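In the order they appear, the protein sequences are chains A and B.
So for the first sequence, numbering that gives the first Met the number 0 puts the first residue at 0; every next one is plus one.
So for the second sequence, numbering that gives the first Met the number 0 puts the first residue at 0; every next one is plus one.
Hints are computed from structural coordinates only; laboratory data are not their basis.
Careful, some of the hints might be misleading.
As the list claims (entries may be wrong) - List of simulated lysine-lysine pairs, DSS-like, C-alpha gap at most 27 Å:
1. Lys43(A) to Lys107(A)
2. Lys43(B) to Lys56(A)
3. Lys110(B) to Lys42(B)
4. Lys43(B) to Lys2(B)
5. Lys176(B) to Lys43(A)
6. Lys56(B) to Lys43(A)
7. Lys257(B) to Lys43(A)
8. Lys110(B) to Lys43(A)
9. Lys185(B) to Lys225(B)
10. Lys2(A) to Lys252(A)
11. Lys56(B) to Lys225(B)
12. Lys257(B) to Lys176(B)
13. Lys176(A) to Lys107(A)
14. Lys176(B) to Lys237(B)
15. Lys107(A) to Lys56(A)
16. Lys43(A) to Lys110(A)
17. Lys225(A) to Lys257(A)
18. Lys43(B) to Lys110(A)
19. Lys56(A) to Lys2(A)
20. Lys42(A) to Lys43(B)
21. Lys185(B) to Lys42(B)
Remember, it's a predicted structure, so these values are computed and weren't measured experimentally.
Listed below are the residues making up each chain.
2 protein chains.
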Amino acid sequence: MAKELTIVKIGGNVINDPDQLMSFLRDFSNLEGMKILVHGGGKKATEMADSLGLSPKMTGGRRITDAANLEVVTMVYAGLLNKNIVARLQAFNCNALGLSGADANVIKAHKRIVKEIDFGFAGDIDEVDATMISSFLDAGLSPVFSAITHDQNGQLLNTNADTIASEIAKAMSGIFKVDLIYCFEKSGVLRDVEDEDSIIEEINRQSYTRLVENGVIADGMLPKLKNCYEALGQGVDKVRIGKPDLIRNKEIKHTTLKL
Amino acid sequence: MAKELTIVKIGGNVINDPDQLMSFLRDFSNLEGMKILVHGGGKKATEMADSLGLSPKMTGGRRITDAANLEVVTMVYAGLLNKNIVARLQAFNCNALGLSGADANVIKAHKRIVKEIDFGFAGDIDEVDATMISSFLDAGLSPVFSAITHDQNGQLLNTNADTIASEIAKAMSGIFKVDLIYCFEKSGVLRDVEDEDSIIEEINRQSYTRLVENGVIADGMLPKLKNCYEALGQGVDKVRIGKPDLIRNKEIKHTTLKL
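Using the sequences and the hints given, assemble the complete structure.
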């Protein structure tokens with residue numbers, strides 16, 4: 000039987016709150032077995048860009064990564080956040096190894112092709128090196144990924160952290176039984192976005208399609224769940240969505256996605 | 000016979016000049032055998048601190064790392080510089096792995112004890128994990144160290160890059176035959192600091208003591224050479240000091256330090 004691997008993705012809501020982050024990192028350290036953390040950026044990059052007098056570049060409501068903003072996210076995601084998370088995990092006796100996609104060439108990507116919108120230095124992932132990541136896990140290390148990849152030609156690329164988590168999960172599922180957990184600010188997929196008690200506890204592909212058609216899954220949840228179903232469709236065993244507490248207590252209500 | 004390992008340290012002068020950095024990284028990639036790069040910071044951290052309105056904290060001519068400046072060096076050294084160097088090395092087919100001392104717990108340090116001066120979040124190194132670094136080398140990776148370490152209690156620490164290079168060299172010399180190269184802006188130790196032709200091609204411990212007494216080795220060269228002799232005294236095979244070109248062409252005049 001394949002070894003189990005837990006992959007956890009945390010987003011800005013956890014990163015932005017020092018107490019919540021500390022509590023989450025303690026819980027992550029206590030997770031048994033092999034594990035990988037993927038972290039988003041949070042508001043620190045925006046604050047840093049503001050402090051440096053950079054105005055966010057937006058097109059059609061989407062953020063554009065120009066060269067100056069790429070510098071900022073590289074500093075904040077791969078430097079400040081990643082190294083502080085790693086140092087904190089070490090204090091909790093979790094032997095963390097901070098990685099960008101360029102490190103050990105673990106995530107190869109390309110600059111997003113310009114169609115209607117030029118997203119600038121945004122990366123779309125081509126390949127995840129599951130063998131290399133597996134060798135880090137075998138060495139007792141817990142990789143901690145920031146949302147920065149590279150194009151193998153020396154260019155760093157800003158890459159969606161949800162997608163990184165899903166691509167790593169897909170690649171690792173060839174070797175491990177992968178449990179992918181997306182932690183965010185809600186308790187799961189909600190039938191009514193204003194009502195935390197309206198959690199849909201289980202979604203399968205059929206109900207997923209219906210929830211999209213009915214507009215229950217909309218906005219930011221659409222790409223998140225698309226990532227989940229891509230992962231499930233390519234061998235990932237289980238995907239769960241919920242609050243960060245979920246990794247400490249599996250009984251907390253959340254959404255489980257199935258094929 | 001022990002395997003050979005080359006450890007190269009580059010400083011601000013290389014980092015600050017994009018052409019020189021690119022040329023150096025190409026040369027580093029072409030170095031045969033196992034290798035480690037340690038990089039200093041350069042002026043980018045100072046520029047970033049200026050842009051953020053932080054004034055450098057100095058006491059008795061020495062730089063103090065307060066919390067705000069620690070954030071800056073963590074961003075710039077471990078994020079911006081380290082990841083761009085790693086991505087560039089990948090483009091040159093060198094499988095680089097960017098590391099701070101917190102990653103995989105490879106460099107354990109403590110906050111410098113306050114005597115006359117409180118240096119703030121400056122780190123003094125306690126231990127380098129040669130076994131872990133060796134396992135990265137065995138996996139075909141070239142570790143690239145930024146000058147950030149940690150105290151195992153969650154605190155990152157700003158640490159002198161020359162010292163990091165020397166401490167790694169000492170630790171690795173238990174496993175490898177270590178060749179340590181310090182690249183800086185001069186051609187080596189100069190008899191007359193104004194005359195690039197006055198290179199002292201070989202220094203042994205006896206002549207070193209004399210050169211210090213005569214004031215030929217002074218100022219910034221004192222701690223650099225102290226690091227070198229500590230490394231030599233603890234098993235490092237050879238220490239060389241010179242311009243970055245030295246790693247491409249060993250015939251270029253430089254200073255070799257011996258016991």
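Hint check:
no., hint, result
1, Lys43(A) to Lys107(A), "holds (26 Å)"
2, Lys43(B) to Lys56(A), "holds (23 Å)"
3, Lys110(B) to Lys42(B), "holds (24 Å)"
4, Lys43(B) to Lys2(B), "violated (36 Å)"
5, Lys176(B) to Lys43(A), "violated (44 Å)"
6, Lys56(B) to Lys43(A), "holds (24 Å)"
7, Lys257(B) to Lys43(A), "violated (48 Å)"
8, Lys110(B) to Lys43(A), "holds (26 Å)"
9, Lys185(B) to Lys225(B), "holds (17 Å)"
10, Lys2(A) to Lys252(A), "holds (26 Å)"
11, Lys56(B) to Lys225(B), "holds (25 Å)"
12, Lys257(B) to Lys176(B), "holds (14 Å)"
13, Lys176(A) to Lys107(A), "holds (23 Å)"
14, Lys176(B) to Lys237(B), "holds (9 Å)"
15, Lys107(A) to Lys56(A), "holds (25 Å)"
16, Lys43(A) to Lys110(A), "holds (24 Å)"
17, Lys225(A) to Lys257(A), "holds (12 Å)"
18, Lys43(B) to Lys110(A), "holds (26 Å)"
19, Lys56(A) to Lys2(A), "violated (43 Å)"
20, Lys42(A) to Lys43(B), "holds (23 Å)"
21, Lys185(B) to Lys42(B), "holds (18 Å)"
Of the numbered hints given earlier, the model fails hints 4, 5, 7, 19; all others are met.
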